[in-house]
Amino acid sequence: MRILISADMEGATGVTWPADVEPGTEQWQRFRRMFTGDVNACVRGLCQGGATEVLVNEAHDTQRNLLLEDLDGRAAMLTGKHKPLSMMQGVNSGVDGVVFLGYHTAAGTQGVLSHTYLGNSITGVWLDGVLASEGRLNAAMAAEHGVPVLLVTGDDLTCADAADYAPGARQAAVKECVSRYSAICLPPQRTAELIEREAAAAMAGAGRVPGTPGPHRIEVEFDAAHLASAAAIVPTVEQVCLLRVGFDAVSMTEAMKAFKVVTAIAAGAVEKVYG
Numbered sequence: 158m159r160i161l162i163s164a165d166m167e168g169a170t171g172v173t174w175p176a177d178v179e180p181g182t183e184q185w186q187r188f189r190r191m192f193t194g195d196v197n198a199c200v201r202g203l204c205q206g207g208a209t210e211v212l213v214n215e216a217h218d219t220q221r222n223l224l225l226e227d228l229d230g231r232a233a234m235l236t237g238k239h240k241p242l243s244m245m246q247g248v249n250s251g252v253d254g255v256v257f258l259g260y261h262t263a264a265g266t267q268g269v270l271s272h273t274y275l276g277n278s279i280t281g282v283w284l285d286g287v288l289a290s291e292g293r294l295n296a297a298m299a300a301e302h303g304v305p306v307l308l309v310t311g312d313d314l315t316c317a318d319a320a321d322y323a324p325g326a327r328q329a330a331v332k333e334c335v336s337r338y339s340a341i342c343l344p345p346q347r348t349a350e351l352i353e354r355e356a357a358a359a360m361a362g363a364g365r366v367p368g369t370p371g372p373h374r375i376e377v378e379f380d381a382a383h384l385a386s387a388a389a390i391v392p393t394v395e396q397v398c399l400l401r402v403g404f405d406a407v408s409m410t411e412a413m414k415a416f417k418v419v420t421a422i423a424a425g426a427v428e429k430v431y432g
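In terms of our numbering, the sequence shown has 205 at position 48, counting the first letter as 1, and numbering is strictly consecutive.
Derived from the structure by calculation, the hints contain no laboratory data. Bear in mind that the values here come from a model prediction, so they are computed numbers and not experimental data. Among the hints, a few may not be true.
Claimed, not checked - Here are the computed lysine-lysine pairs in the DSBU-like style, where the Cα-Cα straight-line distance is at most 35 Å:
id : residue 1 : residue 2
1  : K238      : K414
2  : K414      : K240
3  : K238      : K417
4  : K417      : K240
5  : K429      : K417
6  : K414      : K429
7  : K429      : K240
8  : K429      : K238
Can you build the whole structure from these sequences, using the hints too?
Have a look at this one:
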């Protein structure tokens, strides 16, 4: 049994503030250790449940946050940027399940450090007409490859979101959202026990199933009109209204590749003060 962990950081133990996850800050250095601790707890649980190989895909920001020197020796880590499938790199490599670790809620919703791909500027993303978190987008890609989502960790609202897009997945809420920048947090020793326990139980759902390829539509809404105009330069992307663009793709994999281009262009069009 080979399992993929897609590891984001906003939903990690103790994280509540932008500086906690912004590379180079003093707080980021502190929370890298807790992030790595969450991953190790997950690896332990997966191996207890029968996993024979675990691949950890770094999925946050620079994708160089986890401490390789502290990683559980039974895992391997895919680190660094510019991976073709981004947060889901490795889902097409014959894995039998995927864990969404340290995930968060969608832009335009309540939740600790809620956003979708860009920390700000995007006010909502819709997949086939449904408001979508990164988890929902990534679950659709996993389904395309026949890979079940086994476990989702993050705040309580992230877990509630996962119950809708991956109802068969286990959940581990490491904190309770109070606001976008505050939460009631469990200490690392308690979150490690929780994640390990849920990961071990989640292995009961591991095993590839027939994939569900098919067309999808993504729409992205921005907080400024010039960002929508900039994104609409991409071929196949249409500006559907002042603040929103949309595009259709033949598969979820192709949809996510186009989404990466849209977000990259929008990010490049953001000005420091006026956005």
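* Asked: Is K238 close enough to K417, meaning Cα to Cα at most 35 Å?
  -> Holds. K238 to K417 sits at ~12 Å (cutoff 35 Å).
Tell me if the straight-line CA distance from K414 to K429 falls inside 35 Å. holds, 26 Å
query = Is it true that the CA of K429 sits at most 35 Å from the CA of K240?
reply = Within the cut-off at roughly 27 Å; holds.
> Does the alpha-carbon distance linking K414 and K240 stay inside the 35 Å limit?
Replying inline: holds, 10 Å
Query raised in the report: Are the Cα positions of K417 and K240 separated by 35 Å at most?
Result: holds, 11 Å
- Decide if the proposed pair is consistent with the structure: K429 and K417, CA atoms, cutoff 35 Å inclusive. Distance ~21 Å between K429 and K417 Cα, so the pair holds.
query: Can the restraint linking K238 and K414 be considered satisfied, given a maximum Cα separation of 35 Å?
result: Within the cut-off at roughly 14 Å; holds.
Q) Given the proposed pairing of K429 with K238, does the C-alpha separation stay at or below 35 Å? A) Status holds; Cα separation ~23 Å.
Violated hints: none; the structure is consistent with every hint.
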